[in-house]
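Number of protein chains: 2
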Amino acid sequence: MTFTDIARRTYDHNFRLDPIVRSLLDTDFYKLLMLQMIRHVHPDVATTFSLINRTTSVRLADVIDEAELRAQLDHARTVRFTKKELIWLAGNSFYGRQQMFGPDFLAWLADFRLPEYELHRRDGQYELHFAGPWTHTTMWEIPALAIINELRSRAALRDKGKFALDVTFARAKAKLWNKVERLRALPDLVLSDFGTRRRHGFLWQRWCVEALKEGLGDRFIGTSNVLLAMDADLEAIGTNAHELPMVAAALSRNDAELAAAPYRVLEEWRQHYNGNLLIALPDAFGTAAFLRNAPDWLAGWTGFRPDSAPPIPAGEQIIAWWQAHGVDPRQRLLIFSDGMDVDSIERTYHHFHGRVRLSFGWGTNLTNDFRDCAPDGDSALEPISLVCKVTSANGHPAVKLSDNPAKATGDPAEIARYLRVFGREGLAPAPVTV
Amino acid sequence: MTFTDIARRTYDHNFRLDPIVRSLLDTDFYKLLMLQMIRHVHPDVATTFSLINRTTSVRLADVIDEAELRAQLDHARTVRFTKKELIWLAGNSFYGRQQMFGPDFLAWLADFRLPEYELHRRDGQYELHFAGPWTHTTMWEIPALAIINELRSRAALRDKGKFALDVTFARAKAKLWNKVERLRALPDLVLSDFGTRRRHGFLWQRWCVEALKEGLGDRFIGTSNVLLAMDADLEAIGTNAHELPMVAAALSRNDAELAAAPYRVLEEWRQHYNGNLLIALPDAFGTAAFLRNAPDWLAGWTGFRPDSAPPIPAGEQIIAWWQAHGVDPRQRLLIFSDGMDVDSIERTYHHFHGRVRLSFGWGTNLTNDFRDCAPDGDSALEPISLVCKVTSANGHPAVKLSDNPAKATGDPAEIARYLRVFGREGLAPAPVTV
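In the order they appear, the protein sequences are chains A and B. When the letters of the first sequence are read in order and numbered with the working numbering, they come out as residues 1 to 434. When the letters of the second sequence are read in order and numbered with the working numbering, they come out as residues 1 to 434.
Please keep in mind that the hints were generated in silico from the structure rather than gathered at the bench. Check before you lean on any hint, since a few could be wrong.
Which copy? The list can't say, so a pair holds if one copy fits it or any two copies do.
As the list claims (entries may be wrong) - Calculated cross-link-like contacts (lysine-lysine; reagent style DSS-like; alpha-carbon spacing at most 30 angstroms):
hint, residue 1, residue 2
1, Lys-84, Lys-162
2, Lys-213, Lys-84
3, Lys-162, Lys-213
4, Lys-83, Lys-213
Every value quoted in this text rests on a predicted model; they were computed, and no experiment measured them.
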């Protein structure tokens, strides 16, 4: 007897859409933490988030069908938080703390849906904007990126035969497992998955997360993806992102307020969260400037997440700052998350091991490394540098400088003003690969 | 809605046996060609075939459960040629020839079943013998080997988790495909699958064959496995094996008949088959002796399959013999099939390319290369050197010398007599890895 599930096959005959976003928890944890604060402190701020493809050589509008993209974006707008998800958010502890999310916030989430989007094609690229209340537009960042990246993967694999697909995924699995075996050689490794936004696809990210859980045990501390954290009984990892200082800076009424904006944001954050959540991003407008003017109380925070400078100099710079403030770096945490892969994790681990608490957020090179995996060796699966950034707040342009000018975003005149206010110290261009 | 095939899951709950041999066509093609001749010329010869594990360090009886082994052997004895299979044998052309198998042979096959077996445990190994008419015992060789090898694979994988299994097969697929890509660099390659007897398992052999078909196109000329040839619309490949000269030698009444036995067998073969089937095995009792005394008419045959000497000297020896007989080697065929892998295929190809027609039979290292594939790196999946040889004919011990004394089989006194009759010229011990 041959077993065939005829009902399933018949359903497949009429297959319409394989939704990419099936849950509003399929996002990064820091989005929810930031959202709770935004809703409390800045409920009336309006922002625009925009898609920015830094890999201009990949013409996304030539690769991804517009109707498919609209169908996926439209489908994401129909998704709601389910009861099970809200109960889990209410009942689970995060970073050891019960009731991280307040009842009124959860009640508000129950009615949440993603707001409208604006989509145009221009010069082979998509212009994709989300304008409206910050409390809603912020939630588009991760699903929008996940949708575009997965549609690109699907397009790259559309014409492959069953066999080529089988070899492609077999190689990708073998490749990831070889990385896992190298990482096992680092006994005090602390690693988490930060790969949602740039993933090859949801199912592949799930496989990667399960691989790390199986292969690294306790050294894999969790995932930034809230849905996967819930489903795989892992910790949800993440704190805050550049959008907080960027919006604060954009809303500043003068240069003095602009210079103080990065610290004002951290004070707001401290009022909302504490403990392990006290992690600061130092690089929104340049790490050197940030540290030079940082208030002393910041030395009491858990740590920093350098996100755009090369890891070793960035870490040394911060350690020197801690030492200048009389703090033992071994009591502090550095989280590295900018384009890490096994080589740079190993180097950074060995460089800092024993001198500071270390943690790695592994993103694109974890969940989207299909380089040299397709049997015909095409490059359509290579990851691209795609971001979705806040571009304005209450009508004022938003800017990010970062430590790497190649990652700067925003209006050129505003960038010039920010450079004047924060200075250029320590800014060094480097190629942006992912 | 979650799709689950409840009927299938329920069947699986009561799962009893996953049969390894499900078709009598799941054997090597040369078995059928030899069988037709044996039935015609030697219907009354009785033989014993016996399992020989040359990798004595692997204690098979400690690895494979005896009840499981008996269940698989018993199941194989229930299998019959199906109507579809007999119709395909009758209707398909082999080596370009219609009706390779006569109607009376096919009618006889319809009633065929594998004969009884005798199984004992001794010193951590299995003694497994098949005694009876040559027309029946010969057919046990391949299924017996396939059963033992697959039961060993299953035992090695029994305690692995789902994830370890996934990584193991992903790595094996990636490994094989890397080999395929190297072989693609050989434009005039002629390759076939000879890996049934030593395969990891049936499903894995099928994947390997499909991989070669997909990856090598016309350079993959077919498989020795008749079932896979039928199912994948490939050529069935193979001619004859050592058991023919071994039985002829065992039945010789004196040393003169023994010395002539290898050539008598080839005359019988020529009467039955011709064309591409005129391939001689030169090494049953040493290639040097074989060629020294070979009749001139053998130079008219299609070619040789050297099967136990290192490929390059073995080929050179045969080419010199052809040239001494005034034959252009470019009109002749050499088939290499002894423990080949990509390295030795490449070396042999480049050495002989343009000087002789070349073909490779790729066996164990095609269908059972799981070295370094299991996540915990154990060696239980490494292939072993297991054979099933004719050990007696009509009560007389059967002997194989081969070019490599490490591959010799048979009664020591008889081996000494054979060495006296055929000489030791050119015999050189070499490690037997697969």
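Hint by hint, here is what the structure shows:
1. Lys-84 with Lys-162: between (36 angstroms within a copy, 27 angstroms between copies)
2. Lys-213 with Lys-84: Cα proximity of Lys-213 and Lys-84: one copy only (23 angstroms, versus 48 angstroms across).
3. Lys-162 with Lys-213: both (29 angstroms within a copy, 13 angstroms between copies)
4. Lys-83 with Lys-213: For Lys-83 and Lys-213, the Cα distance is within 30 angstroms only inside one copy (27 angstroms; across copies 51 angstroms).
Hint violations for this structure: none, all hints satisfied.
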